[in-house]
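J.: Sequence:
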Amino acid sequence: MNRLLPIAILLFSFTLNICAQNLPYGFPDTDRTKISINQGWKFHLGDPNAKNYSVDLDDSKWETINVPHTLKLTSLTLDGLQDEKTQLVFHREVGWYRKNLKVENSNKKVFLEFEGAHQITDLWVNGKHVGQHAVGGYTPFHFDITNYVNKGSDNQITLLVDNRRNEMVPPDPGPFDYVKFSGLYRDVYLVETNPIHVTFNWETLNSGVNITTPTIDVVNKNAVISVKTAVKNETSASTTCKLLTRVIDKDGLVVLRLSEEANIWPGQEYQFNQIGSLEDNVHFWGVDSPYLYRVNSVVIVNGKEVDFVENRIGLRKFELDPIRGFVLNGKPIELLGANRHQQYPYLGDALPNALHYKDMVQFKEYGWNIMRTAHYPQDDALIDACDELGILVYEEAPTWISISDEGLWWDNLETSARTMVRNHRNHPSIVMWGAGVNHRGYVPRVHNTIKQEDPIRLTASQGARWTGWQTSGLTDINANMLYGPFLWDRSEPIFAMEGERGAHAVAPFKNDPLMVGLISWTAHAYYTFHPRHPKANNKIDRTRSGMMTIFRDPRPYLEWYKSELLEEPFINIKEEWVPDTKELTVYSNASEVELSLNGQLIEKIKPSNDTIYKGLDHAPFHFKNIKFKSGKLTAKGIFPDGKTIETTKQTPGKPYAIELNLDSKDRQFIADGNDILVAYATVVDKNGTPVHNTNHLIKFSVKGDASVIGDDININANPMFTEYGMAPALIRAGNTTGTISVTAKCKGLKSATSSVSLIANNNNEVVKNAKAIYDFKTERVDLGAPDQLLQFGWQPWYGTDNADNTYGFKAFNGVKAKITKGSSDGVVRWLGEMNVIGKYGFAYGEGIIAIDDKGVNLVFENLPKGTYKLTTWHHAPSSNSDSMDPNRDKLKSVTIHKLPYEKDIVISSEALVGEKSINGKVTEGKEMQWETPGVSIIEFTANGSTPVTINFNGKGNKGVWLNAFELSEWK
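Quick note on numbering: my numbering labels position 823 of the sequence shown as 1103, and the sequence is numbered without any gaps.
Since the hints were derived computationally from the structure, they do not count as laboratory data. Errors might be hidden in some of the hints.
As the list claims (entries may be wrong) - Simulated pairs of lysine-lysine, BS3-like, Cα-Cα distance not exceeding 27 Å:
1. LYS408 / LYS431
2. LYS1178 / LYS1196
3. LYS365 / LYS819
Source: prediction; values computed, not measured.
Between the sequences and the hints, there should be enough to build the whole structure, so can you do that?
T.: In structure tokens form, the structure reads like this:
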């Protein structure tokens, strides 16, 4: 973080049982282990010059803590401290963290991996200094501790995490409009690997795994995937290594298999370069359908799987079009979302992964499709959530306005930018990198650095409307702060990386395709020492701004976004129905709204036509000059098709009770000692109507293995005051599974209790994240006469009339297939090239036609016992040949394609799974450019001893076409 950031040193007593990993079907069982070591650290605040790394130090009186950890919990008033925007004092301390760690006795490499620590980190193992990470607090790093540990016994680990101000570490020296918090605030792992292993992404330009998609074709539904994987040989001998890379769909099926071998010298980091393509059942990643594939990379030595890594990817294509704006998968979309700080009340930056995920769930609830990581790289869990939920990301290196003239500062900024890109480059949600100093504009060095690391994604200029060149400059997109009048000549699109929020702010962007998007400031209220914001001197809450409170409680105007950005019918009354209310705003995507009071119609109106809303699909409905009368207010939205939707607001009575909600939606509560669940206690009247205008203090208590954050420290967290009639609390999990009961009480109000279950923690990251891999043998076979045109990538089965035609499989060793007549009277004819237009036209443009009242049989011999999937193509081809076709003369003698054929067939076998017969369709013609040929899919079993016979027959004693088939092992 800054010049004198808090120091933290770690020691842990911990024995890891990681030898036997219980992995799902097909997942590689390698030497790699990754164990979360977040639990059970000893912590001491301060004393930066102490020798707390001594092995025999008695730390028994130190505090026991879990990671993520902040050096100090923080009140909403920043502990009453009046610091400067350069943050000279607040959290400018150090923390010591200690832990004992047992490492298994093996020849493995041993690493400690850190997702982030504020902001300079020193590591000692068994009293010896291993190294220092002094780049900054927002990017990951690791230490190789192989030569420092005593394998098979306990090892003492000490960390000094220093958050003191440091003018060489951006975003220091400041100033900045946010607080730089402290501590070992992101996850920590013990990683062990084979000496021959995939490197960490951030080590060098070519390290780790780098996945790109050189071609994404959403029209023809195909994709090209390039995978570069760096493997390091840390043995003393040259070794031949095989890299097997598999792309896996959401069902666990391998859809692409890439394999390459190389001889790697001792000490060499070798980059495998693999490429392949997908053409069938391709799923694209988008904001409405965020489909994710897995890319599993396995290192194999002498036939043994020794190491693996797995990444998730999404297949998407984006571009910045000078006319249509931002285009995703061929469709222009308006980029609308919010900036996000990683801060949380009391915790500072030390959020568990669940809270990062919940933030993005809220983004989706309001229809937002983009998030900017203001003003620094953020947690892996956050980017994972964006991948899963379909939220685009603009990420930037840590800066805020200040520009240093120190070379080391710039070196650290460049390293931070490189690490940021390397760490998150495989995530489909990332579409933009900030390429400058925030609010000062683009910086050539930063832009060039990022383009060297990632030539594909857009770089953003990070400008401000009051300074610098008002253009994209070197970068790809003119990203600016648009809070008022700004300079723009429309020669290029403009993008508001910051700006106002609400309907009036969004309207200009939806009205103008060259204004490609607005990332409003900011999603949540945040901590800052800015001296002039409205709550800078507030006695109970100094947090600034926010479309939601710092506790993630939405402010009333935020509901408009649901009416504009979501498709489902929506209606909401913004204001509370209380005395002196004279105007009401209704948010709805209906075409008209009726407002009634106690059953009596007040007015029926259309959306506002105020010019400030020009461009919106659903402007607000403004009801004015309303006479207040206590009771029930009803807003009814009327849609063009006559359907309606209603919402009500009731005049609240006196505060009577508490309603308690534990925010466990879309998440689990994990018994890891540091997971956090937010409790919301709302004051209601006797009818359950929220009472917003209250000043209650609500006290929270817990039964079970959990606690209320702030209970044991004076940070004004419990009891908690109400805002919008609601008081929040943070509930921290313990380490024991079971039911947790939370109670909220307040004098004069009826109390409330709610319960939630604590789920067992799994610190084995490999096992926790592993999913089955079904790497089934598959073979595609193209049937036809010897003159057929073979479909690219398929295996040929050349057959002739009146012969014993047998095919020997390549993927299935020893397995054969035969075409046999259903009866002795049947006829089987083999057809060659016919030139049918369409995808896989070479496969279904030829084949066999069998005329037999008993049909035709496809017989598999020597199939091993198991379940199989068979896909067959059935198409009656006619020729597309013309004067340019050298095979045109063949049609003068070939008449097979003119034989009568069945348009409906029956596929039957006693080996079929479930029903013993299914119906299939036969298509016809010479042009299938936009049509799907007849395809049938069956599952069958083989007993390993007798042949499997699949019969294809019709109902009219006409010919039955079989052009091609695909045989696959199956679940």
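J.: Now, for every hint given, state plainly whether the structure supports it.
T.: The hints, checked one at a time:
Among the hinted pairs, LYS408 with LYS431 is consistent with the structure: their alpha-carbon atoms are about 16 Å apart, no more than 27 Å. Proximity of LYS1178 to LYS1196 is assessed by CA-CA distance (about 31 Å); at most 27 Å being required, the pair is judged violated. For a cut-off of 27 Å, the pair hint linking LYS365 to LYS819 stands: about 19 Å separates their Cα positions.
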